[in-house]
Structure formats: C-alpha cells, structure tokens
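Engineer: Produce the entire structure from the sequences given, and follow the hints as far as they go.
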Amino acid sequence: MPTAEDVQTRAAMAFRPRSVDINARTVELVASTGAPVQRMDMAGPFVEVLTVSADAVDLTRAATMPILDSHRQDGLDRVLGVVRAARIAAGELIVTAEISKRAEAIWQDVVAGIIANASVAYGVLKFVDSVDAAGRRTRTITRWQPQEISLVPVGADAGATTRGKHMDPITVPAPAPSPAPVIVPAPVAVTRADANREIRALAATFELGADFSDTLIDREATVDEARAAAFERVQQQRLRPTPRASVTATLDAAPEEIAARMGEALYLRANPAHKLSDQAKPYVGLTTLDMARETMRMRGLSTAGLSPAETITRALHTTSDFPLIFADTANRSLRTAYEAAPATLKRVAKQTTARDFRAKTMVQLGEAPTLEKVNEHGEYKYGTMAEAGESYRIDTFGKIVGLSRKAIVNDDLGAFTDLASKMGLAAADFEAQFLVDLLESGAGLGPLMGDNKRLFHADHGNLAADPVDMNGANPPEFYGLDVARLAMRKQTGLSGRRINVAPKFLLVPPEIETVAERLLATVQAASVADVNPFGGKLELLVEARLSNASRWYVAADPATIEGLEYAYLQGAEGPQTETRAGFEVDGVEVKVRLDFGAAFLDYRSWFMNEGDVT
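Numbering-wise, the numbering used here comes out as the position in the sequence shown, counting from 1, plus 131.
Simulated from the structure, these hints should not be mistaken for laboratory data. Accuracy of the hints is not assured; some may be wrong.
Stated by the list, open to error - Keeping only pairs whose Cα atoms sit at most 30 angstroms apart, straight-line, the calculated DSSO-like set for lysine-lysine is: (1) Lys530 with Lys491; (2) Lys406 with Lys491; (3) Lys530 with Lys481; (4) Lys668 with Lys621.
What the hints assert, rightly or not - Taking CB as the label site, the calculated pair distances span: (5) Pro403 with Ala472: 18 to 26 angstroms; (6) Asp526 with Thr195: 49 to 57 angstroms; (7) Ala155 with Gln410: 15 to 23 angstroms; (8) Arg430 with Phe561: 33 to 41 angstroms; (9) Asp743 with Glu648: 13 to 21 angstroms; (10) Ala335 with Ala265: 33 to 41 angstroms; (11) Asp189 with Ala335: 25 to 33 angstroms.
Remember, predicted model here, so these are calculated numbers, not experimental data. We put the beta carbon where it would ideally sit given N, CA and C, even for glycine.
Structural biologist: Pasting the structure below:
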C-alpha cells in the first residue's frame, strides 16, 4: 500500500443554488463528482480520477470539517462555516454546509448564486496507476479522506458546486424567453475590469503573487489565458522547492542549511542571550507548525487541507529537514551546558584524538643520550634512546532522548531544551567521573602501567612513604608538600638520568580544600623563617568526586611531560547528536553519543599522598 500522498484539491464552477435554507444558513455542496483532473508529478503529467463511493471515501471526520476561504489556513477569519452532514449519492460527494454569521457578505453571495464554486481538499490513502496504449498515465484514487471544503473563485471539477434542493442534474438555466432576440453572454469576463479582478483572484487563490497578476494585466490577457498560465505556474512549483514568502524570498541555501538556521532560531527561545547569526534572523518567531510547513514546501510538498497536527506528523515522516531542526536545537543546548560544566581533572590532562576504536599505543621516548667529546680524528659515537609504551582504546557511550509529537504540536520546547542541557551536563559528568574512576582504580593506587605495577607505587617514586593527613591534629611542616616536590624533582627517565619534573597542581577533595587554600596562600612574612615557600607556587584544584576525604595529589603540567591523557574519536570531539523521526517515541528521537577513552601514559608526572590511613 502506498503511503498517503500530498493533500490534493479539486474545484469547479457552476450555477445559482436552489438548496439554500435561509433560516438554518445551510446550503448543499457537491464536493466532488470524481471527474478527471490533470495533474503533474516528477514523472510528468497524468490524469487523476477520484472514486466516489461509500467504500472509497472515508467520511469519519466529515461531520465537523471546516468550510474555508480558498483553502487558506492562516487565521480564524478564513473559516467561513462548518460541514454539518455528508453523504454519497449517485457518484457524488454531497455535503451540507452551514455558513457563519461572521461571513454574512459571502453568505449573501452564495444565496444569490454569485459564489457557487466548491473545492475539496483531501488526503490520498490508496491509489492505482495505469498507462494506456499511447503512454498516457492515469491515477485512480481508490481510497481517500476529505479534510476540508472551500468556497473558491475558480474550479476544475465541473460538478463541484452549490446544489439544487431537488438534486437535479447540474445545468446552467437558459435565459427567460423574450419577444426580442437575446444574446446570452459567454460565461467569461466581458470587461477589462472584470478580467483584471478574475486574474487577481486567480493569483490570490493559488498564491502566485502580485507579479504574476500584474504581468498578465499589463499585457491585457484574457481570463482563459490567465487560467492556463496559472495552471502552468502551479505545475512548475510542484516540481521545485518553494519557500514561504513570509520567511525568505529565495531559496538561497540547501534545505539542510535552512533547517540549521531554523534550529538556531528555535534555540534562541531557550537561551535569549545567544547571539543570533544574520542567516537565522528571518526565522525568529516561527512556531514549530510554521517550520513544519516551511520544510515541506522546501521539498515541494503541499500542506493544503492539513490540520496542524497532521502537518507536523507529515513533516516528521516525509522529510528529514524537520527533525534536523530539533537536532540542531538539542545540539546547541547540549553543547552550551557541556562546555560550561566544570572539568577539574581535564586541567591536569592532555586532550588528543583517536582515528578509530583500535588500541592506541603511545610510544614514550627516553631522554637523548649524553653528548660526548669528539676525538681528534673527528669520530662521533652512536647513542640510543630508550622507549616505553602504554596503550588504551576509546569506547562509545550514549543515550536516546525523545521529544513527543504532542509537545511539538503544542509548540512546547522548554522541557526538550532543558533535557538536552541536562544531557550535556550528564556527558560532562560522565567524562569527569571516568577520569576520577581511572585515577582511583586499583584500590586508590591507580591503573596498572606497562611494567605491571600500579600508577602509584614505591618503585615509581611517586607514593608518599609517610602519609600526611592535612586535617590531622599535628601535621608536619609544609604538610608533606616538600616531600612530594622533592620526589618529583628526583624522578629519573628511561635512561636513569634525572628529568627534574616541576609540580604545578595540588589536587584535593573538598574536605581539605580550606587547609589547602591556607597552605598555598601568599602572606606578607615578618621574617625569612615565616615565608611560605609554596605560596602562589601551585594551582589548587578541588574535585568533589574524589571518594577519599584525605588523599591528595600533586601533578605536573601535562604540556611539559606525559601523564594523564584523554581522547575522542577524530572529528567527533565531545558529545555528538543524531536525530530521526521517532519509532519507539511518537515524535522526534535525539541520540547523544560520546566516543571517549583515557589512560595514564607516565607515572613520573604524578605524586600521591594517602592522607589518613587509619
């Protein structure tokens, strides 16, 4: 079974109605006779035929269908009335329309037979295509659903009109007998003013713009010529994307880029402080419904006759541009929150990228061999460089969040952008916890290194032999920082020579933050003995995720020596988002994915003091 096609419309012109009920303000309309109508698709022209029968026409929503002015849905003033009843009789779809008191002028023209053309907008549920011997295509609609009825100035189905109360055949009554010969005027405009009015009505009905009508009027085109030109213009527009005139005059970018601009405009509603790009400014103020219509028009799809909910549903499932809008909004909300989240351990780590998910081996070169004196014969001696390696790989982590169809229809995006922001915070928290878990693995001694010893080990010279509890009653002078600094300064490289590692950071849990601040404070000393040797020398980092309340660390600058390193997949740094029309969720699903990994590449740049070990 084919999916529902674009909503189609049919119209016709006819005669003075005889089914008017003045008191009830009702009139019977022949909405369709199923007459063949010429249409156009990507394969070219074809003839469409509606099957009008009880089995073919779905009348489940007919009883409350609106009566509109020329299929326009841009305001309540376009609603002229409502359908009170509908039936199938003699191969015709007949509806009883009640005209609103707000449309009194139009009602009077209906009563007088001045407005007599009806048009039905319908959704195609099933169809059968056939080709005759001459190659002409015919599409027979075997199942369809009326969605609204309009009063229109110009028609195509000659039987769609206001109806006589006796349901007699549709004819144009002859003029009354006259003793003198009477010339009956042709059913077209006979004056230039009438023709101009008809041309302008054509342009308004099919949204062809003032330029279209002005050009025809300037060359004094006839009504028939104008109708032919309108038909040709409408068919051309079906074959190419058509932007909304209220948004932009030309399609100056790819639909995907325009979707990104709409997403940025939508994001402004969640973050008014965002500096909007010039390209996104035309889309500020559009509702989700406006954007759904715009994305469909960009792809050459019609929204005529669709309710707001149906428009949004169709946009979700027939074009990828509409979900992309929410993906862009989610990504901006997520990124803003992600980048604003504190990342303590990243300060003492180096960021890099991985080309794929295979193990990433980092080769660590030892210090260069010592230079030796060249003898009198000019002979140079060869030296070697020691090397060691650590390896790790990145993995994929993620979650799917959904924006319900109900929230989209209601234009309620606050909860969605808030959830996206929380996902950004969750991604940042995941990375921070990942690094803390790595640091505290192995019962607090860190991960296994390439020599099969834990990161913090006596043989590595980076584990305090005498733990110092900074919150203890009688801590030693300088709280053990002098011991940590000395141990780092005396670290030796792969060749056994000292490499003079300079400590830069003091990392502590929040329980000893105050003591650490005092320890690193710069004070005006009264004597040399009172000078704080660590005042202003180390940068204090506080990580609330550290599980031990007294354990603390000293670390070197990751820019000067290898230590903690974290990596993202190349080209996908930080959390990434993907979107699709929901299957498990009736709406839009946004997937948040993070390709991330981390490892310690060298133990020489870190020192740990266990603190209170009682």
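Engineer: The structure should be examined with respect to each hint, and the outcome stated for every one.
Structural biologist: Going through the hints against the structure:
1. Lys530 with Lys491: Distance of about 25 angstroms is within 30 angstroms: holds.
2. Lys406 with Lys491: At roughly 39 angstroms apart (the allowed maximum being 30 angstroms), Lys491 and Lys406 break the hint.
3. Lys530 with Lys481: The given pair, whose Cα atoms are some 26 angstroms apart, holds under the 30 angstroms limit.
4. Lys668 with Lys621: holds, 18 angstroms
5. Pro403 with Ala472: 18 to 26 angstroms: Holds, at about 21 angstroms.
6. Asp526 with Thr195: 49 to 57 angstroms: About 55 angstroms separates the Cβ atoms of Asp526 and Thr195, which means 49 to 57 angstroms holds.
7. Ala155 with Gln410: 15 to 23 angstroms: violated, 53 angstroms
8. Arg430 with Phe561: 33 to 41 angstroms: holds, 37 angstroms
9. Asp743 with Glu648: 13 to 21 angstroms: holds, 19 angstroms
10. Ala335 with Ala265: 33 to 41 angstroms: holds, 37 angstroms
11. Asp189 with Ala335: 25 to 33 angstroms: holds, 30 angstroms
Checked against the numbered hints above, the structure breaks hints 2, 7 and satisfies the rest.
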